[in-house]
Structures are given as structure tokens and as C-alpha cells.
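Protein sequences, first through last, are from chains F, C and Y.
Here the first sequence stands for residues 1222 to 1528, where the numbers follow our numbering.
Here the second sequence stands for residues 1222 to 1528, where the numbers follow our numbering.
Here the third sequence stands for residues 1222 to 1528, where the numbers follow our numbering.
Hints are computed from structural coordinates only; laboratory data are not their basis.
Among the hints, a few may not be true.
Identical copies carry no separate label here, and so any pair may be met within one copy or between two of them.
Claimed, not checked - Derived DSS-like pairs: lysine-lysine, alpha-carbon spacing no greater than 25 Å straight-line:
1. 1225 with 1257
2. 1343 with 1509
3. 1229 with 1411
4. 1431 with 1258
5. 1340 with 1435
6. 1466 with 1227
7. 1343 with 1429
8. 1340 with 1473
9. 1466 with 1411
10. 1411 with 1307
11. 1509 with 1266
12. 1307 with 1466
13. 1307 with 1509
14. 1258 with 1343
15. 1340 with 1504
16. 1411 with 1258
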Amino acid sequence: MNFKEKFKEGIISAKDFNREDIEYILKRANEMRDDKKYRDLLKGKILATLFFEPSTRTRLSFESAMIRLGGQIIGFHSGDVSSIKKGETLADTIRTVENYCDGIVIRHSLEGSALLAAKFSKVPVINAGSGSGEHPTQALLDLFTMVHEGLKLDGLNIGIMGDLKYGRTVHSLSILLSNFDVNIYFISPKELMLRNRDKDYLRQKEVKYKEIEKYRDILNVLDVLYVTRIQKERFADIEEYDRVKGFYIFTKDDLKETKDHFKLMHPLPRVDEISPEIDNSPKSIFFKQAYYGIPTRKAVLSELLSD
Amino acid sequence: MNFKEKFKEGIISAKDFNREDIEYILKRANEMRDDKKYRDLLKGKILATLFFEPSTRTRLSFESAMIRLGGQIIGFHSGDVSSIKKGETLADTIRTVENYCDGIVIRHSLEGSALLAAKFSKVPVINAGSGSGEHPTQALLDLFTMVHEGLKLDGLNIGIMGDLKYGRTVHSLSILLSNFDVNIYFISPKELMLRNRDKDYLRQKEVKYKEIEKYRDILNVLDVLYVTRIQKERFADIEEYDRVKGFYIFTKDDLKETKDHFKLMHPLPRVDEISPEIDNSPKSIFFKQAYYGIPTRKAVLSELLSD
Amino acid sequence: MNFKEKFKEGIISAKDFNREDIEYILKRANEMRDDKKYRDLLKGKILATLFFEPSTRTRLSFESAMIRLGGQIIGFHSGDVSSIKKGETLADTIRTVENYCDGIVIRHSLEGSALLAAKFSKVPVINAGSGSGEHPTQALLDLFTMVHEGLKLDGLNIGIMGDLKYGRTVHSLSILLSNFDVNIYFISPKELMLRNRDKDYLRQKEVKYKEIEKYRDILNVLDVLYVTRIQKERFADIEEYDRVKGFYIFTKDDLKETKDHFKLMHPLPRVDEISPEIDNSPKSIFFKQAYYGIPTRKAVLSELLSD
């Protein structure tokens, strides 16, 4: 079964991707870097971006990708300006909006939201962030970035650091990586460690991983460190937050400890996890992730929406 | 005088439509179901969607229809993010925005808003909901749905149920139906009965109607039941609301009492007026209304905005 | 150095324009009044409209101009629905969004915002209002309006009235006018006079100006009066506001005192500075400013974004 056929109902979870699927979509993403070739591929198609939770980055990235394929956008940017306020269920919203478009991108605060949407929708649904659950297209663009910034996925030593409990990006990324021969170092304060269900999944896929609290000791081992934002608001005790915060400001001095080909990533937005003084280092590729997001999402949209 | 000429200033009230106008626009709507034929009709045209009150359904429906005709959209989704907050009058907003577009769709909390907008605008204005007043394109798509789901307007026995006092959809629908030989059963708690001015209009047009409080007795008479949301917030007395609520949960058992060709409609969003257990019945056509909305609005836009 | 080359990083301040630049862009704006000729000029280009502060007029004007050149739009309308809430810096937002688009239009509450954005952006940035600082494209369209409504910039006697302290439109307009042989009458209550730094700039450019409190005495001298909104919220003392307010309701009687070719302008929105009874006078050209804004912004966008 080819990619188009397999994902015809949408992109809901990273768990649906095997190695072949990933390699295929990264190949397609690379082809999508040619701006001219596919500029009319989705002419006449409409993508609905339903953002029940606010987002700058992900929404604008999808919209830009859709436009660069010749398609058009409708949507809303906040649960406030929608029928939700009048008490409508998600299922009803989907069964209405599917009549207005050829595909739906959804971000919602509940974990099962994208799956539910796909169940009710006649058109393909793309999960652009389902609560603390998943964010599969972010993980795809992260892999695409790694590959094109000189890293090899097989044999990769990757640190994933920050809010591993609630971070949906982290979940989808580690799931996708489970299809490759990687060593993962999960770095977080105890309170924000990966949930058991996520670890169970990785164990079942025989992924080699370690959980640690400090990143400095392993800096010279890593090929890439993927930093995520620690959400201050999760902490009941502000002193605990302050204790933790100290571990996670990646600085110029840290960068010196890393290998020559080391890369530093972050899904953004960041607050203070990475010191701005190293923004211009060739090892810092977090703004390039935004760049690689466009061809990755063009690839996803072209598979799901083209005739 | 043809439709285009008659409505060149816009679509403000269902009262402006005679039988011939309705039949013409429904015929055009049917032609608009061909997605390919008119895809460049409004190329180069811009529609401004000015939603001073939030809306998912209506706004996205208009925007999708405009895009499917090759046109483009500008607009805002909430009175919060506009010059209104700075104290601007509606007349000034219109005399500004008319310079940026070829047509305006407006939703506003005041009843006379669309009429006022049309008075000041050089470009056609479409009323997408004026307070408790009217919502004429919803009524047009409702008729289009009925006709294409096998109902005949002449001789139709229709129940219209729910908030008949404040429901703008109900007002426009009953006004359009007054051009046909229909029997209307207005079903509502006393507090939410049709206003006198609306009844005066129907009497003057010699419409056969009855006002009742319970729908169960007439279920076997109806060809179609049009349910609307009862807005809890209108009730001063919560006990009164609770008393009323019981009448208006249409269930599987109710459906059994209906004729074979009976259809159940709702402009949506619904809260709990229709039990989800019957969503998949062929008699339930409320999600199809969203589908029929696109060709109906394409027809309206093409008449008003094409050269 | 031609315009395109000089402004390749964007339009940030009116101070960057010399007389030749202004004359060039007004000439281009005039050519842009032909709707057909340039309708595909920016096909395939994406403009990001980043409005951290709400706006109807300016945002919709830019979006309409972009669409009329064949381009497309992404963006957000309020700082509320963006990553800013998560603590992201403006520099990070820009370095992300630049990957999604070919140009950025930014409105932000801080004076240095547009300059900062341009410093970090790979794509051209247009300042659509930076706090109390500047709003250069508004000033360009104001000049374009004057010229095409029969006024000559050299020798012009212009009154600029209202909030001269915080009004960004006023700042950019007087800076642009400093390139011509004009007499400016700055009319405001003492509390809202031009800031010293703005006056220093004008003196250095040898602009002839006077500061006065009442406009009635000079009405017969003026070729044009440019009125701006007095923002009630600036006044600590409501009595002071009430005292001031009286000066600034321009009425029918005022209009009678003016020259035959006199023109009354306002960037809008207005509250009550201009009495609606004179809206239809040929001397009132404030709604025409919105009209002239489209070709002016088309000219700016075409210079910055075309290949």
C-alpha cells in the first residue's frame, strides 16, 4: 500500500509511520524544495485550518505550504471566535466544515481530538497538535532538518531535553525515531520525565534510551540536542521551577563541549532555554527548522490533497 | 427586471424575494454544484467578510464559496479586532472597506445593520445575520436543501421549532416560504413565540400557520421539521428553561412517528435539541444543509459580483 | 541607487525618503490605478501581515493591495493569538515567519519594533504603525491623495490638527512634507503638541511651521486641514479633555470659511472630530484616502516584492 493510500484519512499519530513511510515523505519533501515545480498542484483545493488553540508558527507554516502549492485557506485562529462558544461538539464542527474544504488541519487542547475529527471527517485530517499528545508533522520536519543538516538517523546519539511529560513534539519525535537505530538521552527534571505509556511504547520498539537529569556530562557524546520549552505554569512550587531552570540554559560554554558536527534544535517558541548569544553559530539550526517545515508540509499536503 | 439588476445593492432581507427570484437563485445554485465550470468566474474579485459577531459556519461557508468561484477574501472575525473599539461608526467602516473590495458580507448584532451598510456602500452587501432580524442566505440554502432532498415547497407541511422570537433564521425562512402554498406549524414555548410584527407579515401574505407548544401530536402530519437552538441565556428563570427544554429533545422515538419521506433540519450549531443517536438516519439532513450552502452562496455571489 | 535597491530591506521610516523617492513612488502609485495591468505581478508571492495591535483599515488595505497584484496573504490580527503569549521575542517571531513569506507587514505597540524586525529579517519589512512612532505608508497615501485631489505640495499651506504628540500618522506626514516647500500649522491643545525631537527634525530640515491652539483664525489660509483623532484615554483630567474637545469638532460653519479648493483630510477612524453633516461635501476627502491607499500600497509592495 503506498503512502497516499495508507494516509488517505489523514496524519494523526507518528505511530502510524514505519521507516518506509518516513523515508518516502522526506524524499518528497526534498523534491518540494523546488518552488516552481508544484506551484499549481493544489489549484482549486481548500485547506481549513481549525486552530482551537492559538498558534503562530504551525498555522502560518501550513498556510504558507498550502499557498505555495497553489491552494487556498479558510479557517479560524482561536476557539473563541467559533461555534464552540455556543456549545457545539467537535464532531458537529467537523461534519459542517468538511463540506467547505478538501482537507482539515486541526489543533486542539484535547489529546484525542485529531483522532475524533478524522473519525467523523470525509476529508483528510492533519493533527497539528492534540493537547499533550502528539504533533506528527513537527516531528517529520525535525527529521527532515536533521538529514539535510548532515546528520545520519541510524547511529544517531540524540538528547531530547525539557518538558518530556507534556511536550507533544517530544512524543512524536521519539516515536518517529524508534524506526531508526538511535540512542536517545531523555533529559529532564524528575517531574517532567516521559510518561510510562510513552516509555512502554519505546521499549516495545526496542529503542535504546536513557533518562538523565543533567545534560553537561553527555555533551561530548551527542550528535544533536533537541531542546524544548519548560512551561513555568506547570510547576506548583516556584522554588522547584527555579531549581530546574538552572540546568536548562544552553550557553556558549556548553556549545564548546560539543562535537564538531553537533547540532542544536528547538521546535520554538523558546523562552530562555537557549542563550541568544549562540543564535548565529552554525551548530544552531532551530530557525532552519522553520525553513524545512515548508517543504515537509508541502509534501504532506500534496500526498493528502492532490487528485 | 432580472435578479442581477434587482439585487445589485445586495441581499438584505428575505422580504425582497418573490417566488420568481427564489426559483431563479435555486436554479442557479443547482448549476453551481459543478465545481469546475465556474472556478474562474470571480477571478480578481475580493469579498470582505465583516463579522462583528463571531461565526464559524456562515463565514467559512461564504469564504469557501467565494474561493470556489476563483475569488479572494479579506476580513475580520470579531468586533474586538477592529476600529469599532476606537469608536468608529458602522457607516464609516463601510465607506472605508468598500474601497478594498468588490462585495461585503456582514454579520452584526443590530437588526438594521445590513440595511444601513447597504445604504452607505458602493459595493453589494450581503446580510449574513443581523441581530435577531434576518439571515436570508441561510433561508435560501434551506429551501435549496428541501427541494434537493425530495420535498415539494407547494403543499409542504413544515414545523418550525425552537426560539421563534429571536431566531433570525426562522424569520427569513418563514418569509421565503410565504411565497409558496405551505402550512407552517410554529412550535415553541409561549415565551419564544413569533413576534407580532412577524405574524402580521405572514397574515398579510395569507400564509396558513398555527402556533403550538408541543410537537409530538403533529409529527405524523409533517413533511419536514426545522429545529433551532433554544438559547438558555434568554431565560430569566432557570426553572422555566428546564420546563421548556424537555419538549425539545428530538429522539429516535420521535423519528418513528414521522412519515417515510419526513426530513429533520437544523441550521446548526445544535446543543441538545436533536439526539445524536439519529444523526445517521436518512431523515436527518442537517449536515447536508452545510453541503447545500456552498452552491447556494456561490449562486448569490456570482449574481452580485460577476461582471 | 534606485528605489527598489534603496528600500530592499523595507519601508521603516519616512525619514528614509527624499523628494525623488516620494515622487517616484507616487508616479508608480498612479500607474497602479490600472487594475488589470499588474494583476499577476506578485503571483506566487506571500505577504505576512503581523498585527500585534488590532487594525481594520491598514491591514485590510495591505491585504487588498497584495491580492490585487496576484499575491497571497498569511498572518495574524492580534498579539493574543500568537506565540508572544508564550514569551517569544519579536526577533524570534521574525526569524521564524521570514521562512514562510516573501515580505512582512508589521504593526506593533513599540516604537522601535519595525526597525528591529527589519534588522532580523531576510525579507523586506513594512512598518504599518510602530507605537507612537511612525506610519510611513499612511503618509505616502496622504500625499498621493493630496496630489490627485488637486493640491500642489510646493507652496502648500497645511494644518495638521489633533494628537500631535502620540499620533504616528502625523509624525510620518510632517517628515515626508519636509521634502517640499510647505507651511505647516500644527494645531493642538498644549498637552498634545509635537514632541521636541520631532520639532528638532523639522527645524533641521528648515521646514516653516507654526504651533497654534485654535484653527478657526487660519481657516482661510489653509489649502488642506489634516485632522486626527484625539484619544480621550490620554487625558488624566476629564475636564481638560472636555475643554479641548470643543475646539475640534469641524462643522459646516467651519467649512464655509475655507478656500474654494480647500480639502479636509483624516486618516480615520474618527470619533467626533469631523461632523458627519459635511461628509458629502466635495471638500471632504477622508474616505477617498482609503481609496488612494490601495494604489499606493500596490506601488510599495510591487517595488519590494517583485523579482
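Task: Violated hints - listed by number, lowest first - done: 3, 4, 5, 6, 7, 16
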